[in-house]
Amino acid sequence: MTKKRVKQIFRIVFIIASISSLWFVPWILVKAWILPLPATVQEQLNQGIEHGFDGMIVYVDQGGKPPELYAAGWHDRKRKIPAYPQALFKIASITKLYVAVATAKLVKAGRLSLDKTLAEYFPELANRIQYSDKITLRMMLQHRSGIPNFIDHPDYWKKPPKNRQEALEYALDLPADFKPGEDYGYSNTNYMLISDLIDKTLGYSHKQYIKDEILIPLGLKHTFCSLSDVNINDVMSGYYVGIDKDFKTDDTGLMIATAEDVGIFLRALNDGSVFKKGEQEIYSSIYVYKHTGLLVGYQSIAEYHKDIDAVIIQFNNTTNFDGYDWNLAEIIYNRIVKIVKHKSNSSKM
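To get our numbering, take the position in the sequence shown, counting from 1, and add 36.
Derived by calculation from the structure, the hints in this document are not laboratory data.
One thing to keep in mind: the hints can contain errors.
[Said to hold, decoys possible] Within a straight-line C-alpha distance of at most 25 Å, the following computed DSS-like cross-link-like pairs (lysine-lysine) qualify:
#, residue 1, residue 2
1, K152, K312
2, K101, K257
3, K374, K101
4, K215, K152
[What the hints assert, rightly or not] What follows is a set of in silico ranges between Cβ atoms, one per label pair, in the way DEER data are often shown:
#, residue 1, residue 2, range
5, K67, G314, 44 to 54 Å
6, R164, K114, 41 to 51 Å
7, N82, V266, 21 to 31 Å
Since this is a predicted model, take the numbers as computed values, not measurements.
We treat Cβ as the ideally placed atom computed from N, Cα and C, and that holds for glycine.
Whenever a hint applies, use it, and build me the whole structure from the sequences.
Quick look at the structure:
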């Protein structure tokens, strides 16, 4: 067989394999990716609704320009209330940014130490978390502790925890995912323990500390640390494909905020104005400057784009079992970033 013939065969096999692989990719993702880029963010959100999201909100804050807010779809599908930009939204793991900032402030104040171990802070858990005498607060903040993620426990979804202690139990008495400091493993258990540590250190709730030290100084009047603090009708509904339920009343203990408030906080995080002297250096050594959030019925992306000096926040209120809605959300977000960049470049001409 000639080399030319071998190359032809390999080419045919590659094409067949490529075509076959498309059967395993939801076509909606392919469609969302290949469609011509719309001229405006609003058009892109409208496409997102056509792709299957019930509702979407986007906030764009580009330096030197007035902030822009967009919405599409439903705020509440059952009550036929259209989506609106000022709605409250469950921001899920974006909450970790606020907890990390609070921790950096307490470290600077000398009330916490990044090098103190979990066993020292929580002696009652020393025998229930492997390597507790080696895991430092720094490792927990950076997701390098090896502590298992409680939501990965096989019983977590069969018997959802009724409170924080029950959630924590799903991470205790298990082998570590890895030795402390030797790998990275995202674990919600880390930040649950850090929140409890702040409570323990202060003698009052970390939520009050976040309000006093972050929310009030930044003027964030539409950010809340508990679902009980808000009018439930102001919260955007959350939907799970195939389940006829609105998940907005489920209290996860995580933060609720408007897209604008999250955007203001993210801008302050990235430009350093949320910090007092010496705090930002500590924060930069322990955590990131962007985040995503995912709960049943709620997905969020919060990121600052330095090249165009723009904070872009995206909320969408539909999730599914297969998880492709997350991929779809990222595709839409990346296209929105491109639209903002094109608009920015055009204005410079």
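Against the structure, the hints:
Under the criterion of a C-alpha separation no larger than 25 Å, the hint pairing K152 with K312 is consistent with the structure, at around 23 Å. For the proposed pair K101 and K257, the alpha carbon gap of about 22 Å is at most 25 Å, so the pair holds. For the hint linking K374 to K101, the alpha-carbon distance of about 17 Å falls within 25 Å, and the restraint holds. The straight-line distance between the Cα atoms of K215 and K152 is roughly 17 Å, inside the 25 Å bound, and the hint therefore holds.
Range check, K67 to G314: about 50 Å between beta-carbon atoms, so the 44 to 54 Å window is met. Checked against the hint of 41 to 51 Å, the pair R164 and K114 passes, with Cβ atoms roughly 43 Å apart. The hinted range of 21 to 31 Å is satisfied by N82 and V266, whose Cβ atoms lie roughly 28 Å apart.
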